[in-house]
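Colleague: Could you build all of it, start to finish, from the sequences and the hints given here?
In the order they appear, the protein sequences are chains A and B. 96 is the number that the numbering used here gives to position 96 of the first sequence; each next residue is one higher, with no gaps. Count along the second sequence from 1, add 249, and you get the number used in the numbering used here.
For the record, the hints were derived by calculation from the structure and aren't laboratory data. Note that the structure is a prediction, hence the values are computed from the model and not measured. Be a bit skeptical, because a hint or two may be false.
What the hints assert, rightly or not - Think about it this way: if two alpha-carbon atoms lie no more than 25 angstroms apart in a straight line, the pair counts; the simulated DSS-like pairs of lysine-lysine are:
id: 1; chain 1: A; residue 1: 33; chain 2: A; residue 2: 196
id: 2; chain 1: A; residue 1: 33; chain 2: A; residue 2: 21
id: 3; chain 1: A; residue 1: 234; chain 2: B; residue 2: 375
id: 4; chain 1: B; residue 1: 522; chain 2: A; residue 2: 245
id: 5; chain 1: A; residue 1: 153; chain 2: A; residue 2: 51
id: 6; chain 1: A; residue 1: 51; chain 2: A; residue 2: 146
id: 7; chain 1: B; residue 1: 375; chain 2: A; residue 2: 21
id: 8; chain 1: B; residue 1: 463; chain 2: B; residue 2: 559
id: 9; chain 1: A; residue 1: 21; chain 2: A; residue 2: 246
id: 10; chain 1: A; residue 1: 246; chain 2: B; residue 2: 559
id: 11; chain 1: A; residue 1: 244; chain 2: B; residue 2: 559
id: 12; chain 1: B; residue 1: 252; chain 2: A; residue 2: 246
id: 13; chain 1: A; residue 1: 244; chain 2: B; residue 2: 532
id: 14; chain 1: B; residue 1: 463; chain 2: B; residue 2: 532
id: 15; chain 1: A; residue 1: 153; chain 2: A; residue 2: 108
id: 16; chain 1: A; residue 1: 188; chain 2: A; residue 2: 51
id: 17; chain 1: B; residue 1: 522; chain 2: A; residue 2: 229
id: 18; chain 1: A; residue 1: 33; chain 2: A; residue 2: 51
id: 19; chain 1: A; residue 1: 245; chain 2: B; residue 2: 559
id: 20; chain 1: A; residue 1: 244; chain 2: B; residue 2: 522
id: 21; chain 1: B; residue 1: 522; chain 2: A; residue 2: 21
id: 22; chain 1: A; residue 1: 234; chain 2: B; residue 2: 532
id: 23; chain 1: A; residue 1: 198; chain 2: A; residue 2: 51
id: 24; chain 1: A; residue 1: 51; chain 2: A; residue 2: 108
Said to hold, decoys possible - Some chain A residues judged to face chain B by a derived CB distance under 7 angstroms, without partners named:
id: 25; residue: 92
id: 26; residue: 94
id: 27; residue: 124
id: 28; residue: 162
id: 29; residue: 169
id: 30; residue: 171
id: 31; residue: 215
id: 32; residue: 220
id: 33; residue: 240
id: 34; residue: 242
As the list claims (entries may be wrong) - Restraint ranges, calculated between C-beta atoms of paired labels, are given here:
id: 35; chain 1: A; residue 1: 187; chain 2: B; residue 2: 416; range: 52 to 60 angstroms
id: 36; chain 1: B; residue 1: 442; chain 2: A; residue 2: 22; range: 37 to 45 angstroms
id: 37; chain 1: A; residue 1: 232; chain 2: B; residue 2: 561; range: 31 to 39 angstroms
id: 38; chain 1: B; residue 1: 560; chain 2: A; residue 2: 68; range: 49 to 57 angstroms
id: 39; chain 1: B; residue 1: 460; chain 2: A; residue 2: 23; range: 46 to 54 angstroms
id: 40; chain 1: B; residue 1: 561; chain 2: A; residue 2: 231; range: 39 to 47 angstroms
The beta-carbon is built from N, C-alpha and C at its ideal position, and this holds for glycine as well.
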Amino acid sequence: MPRIIVGVKRVVDYNVRVRVKPDNTGVITEGVKMSLNPFDEIALEEALRIKERGLADEVLAVSIGPADTQQQLRTALAMGADRAILVQTDAAVPPLSVARIFRQLIDKEQPFLVLLGKQAIDDDNGQTPQMLAALWERPQAVSCSKIEIADGKASVTREVDAGLEVLEVDLPAVLSVDLRLNEPRYVKLPDIMKAKKKPLDTLSLGDFGVSEAPSFRTVRVDPPPQRSKGIMVKDVAELVDALKKKGLV
Amino acid sequence: MSKILIVAEHDGARLNPSTSKCVSCAARVPGASVDVLVLAGDGSAVASQAAAISGVGKVLVAEHSANAESLAAVLAPQVAKLAAGYTHVFGPSTTFGKDLMPRIAALLGVGQVSDIMAVEGSHAFKRPIYAGNAVLTVEVPADAIVVATVRVASFEAAAPGGAAAVEKVDAGVTPPSHTRLVSRSGATTGRPDLQTANRVVAGGRALGSVDGFKIIYSLADRMGAAVGASRAAVDAGYVPNDLQVGQTGKIIAPELYIAIGISGAIQHMTGIKDARTIVAINKDGEAPIFEAADIGLVGDLFSIVPEFEKQLGG
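Modeller: Structure (structure tokens):
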């Protein structure tokens, strides 16, 4: 059964302006709106489209996070994922551990494709897809803006600093997705009802032999340095003067 | 004593300036010696450019026909082998380094520090999280090899004037054939490179069309500036993706950044926080871009921009 695994992460919603905790141990997440990581939503949408083209039979959504992550997985199921797995933990799991968990799930689920967001917008690490591809010894294509699947291969367009890069990779492979790949669908109410009946299995880190201990120590978290208050000018002449004073024109 | 290996970014002929910025970052690590690794089909031209960066001890050149295309899956196993004996492996936080470095880290069985913006010790670094709305100081265990990407906008290029020895190396790894490059296309505009330009003129959705964006190009050309854009302008198809500035685009640190018709979403501000001077031109006086701007001007960009260009003189 051709299967796609999609990784989804519960993150602080992208519209929230996060604030650093007064004790500098992290950012305030209590009472803050949480959502599916936007890049993961795009990965899921792409998996669903590949399935709708008849190239996959099943889309499996996997997340690692606290019990409340069920909400995001139910959203994924409502969008159209067939089933979900939550690896439940309150610990912050670093990318290499996430990759190790996915690596084990790959052995069990035998996907022909793993689709992940290119980064999560909380830690902004952007590591998990590449790490997973390394552990699996399979191709990776990072920041895909176009994906075509045919004949056991994927032809992907990647957004790179210099422009666009087209790669051909043998499947199975790990692809990470960028913003312009697609526009994720809206979830309809009947789909939310249907999603409640879809299977959602809960596992633990222990099931994967992954420890809760962080690999890196968080020394502290600070707010970013603030820029000093600027000036408003009333017309172009004043703008040019202000730039001249700074020696910029 | 830290021994740092930097993976060079290049296009086969020219060393990317990101490499020199990695050398600057590495030089901040206490007591560090710094070597540069050039993986290439023919690495001779790039190796001599790397050898000329001040502070580089040695340039290692790993030549293989498969290396010519700079594919992460091909390069990573070689770097992982050649990293033996090093305490740190750094690469730039460009699309090249972001693709490659985590693959190396996983092969070495260690985590990665993404986007180093400051060095706090041999194993402690500052890095941005939440689109730069918080800065994390993170410490890597002392016994682990440090694999990291360097946020190039946070470091000046290292001075030229070095004369490092160049040494050929061979990782003895058979590269995989499961990943193949089909094509690479980029705009060769003749304009300064967005990532390294001193001046950047950027436009947003308010430009309204491909045609509307022409006033941005015109002003940029008058000023000798690179052209940038907000995500909204790229999504709308006014400009190609490689002009996008922000959390998921390019992070830049020019002397002068002129944001025209850009509202200033958090994700965009991430990309320009290190600009020395930010000028904002927008018709909405409440736009968040004005909170970060050093100089703000409220008004209709279609009259302001041509007027601005005119007043700059010829």
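Colleague: Which numbered conditions among the earlier hints are violated in the structure presented, ordered from lowest to highest?
Modeller: Violated hints (numbers, rising): 3, 9, 12, 18, 25, 30, 37 and 40; every other hint is consistent with the structure.
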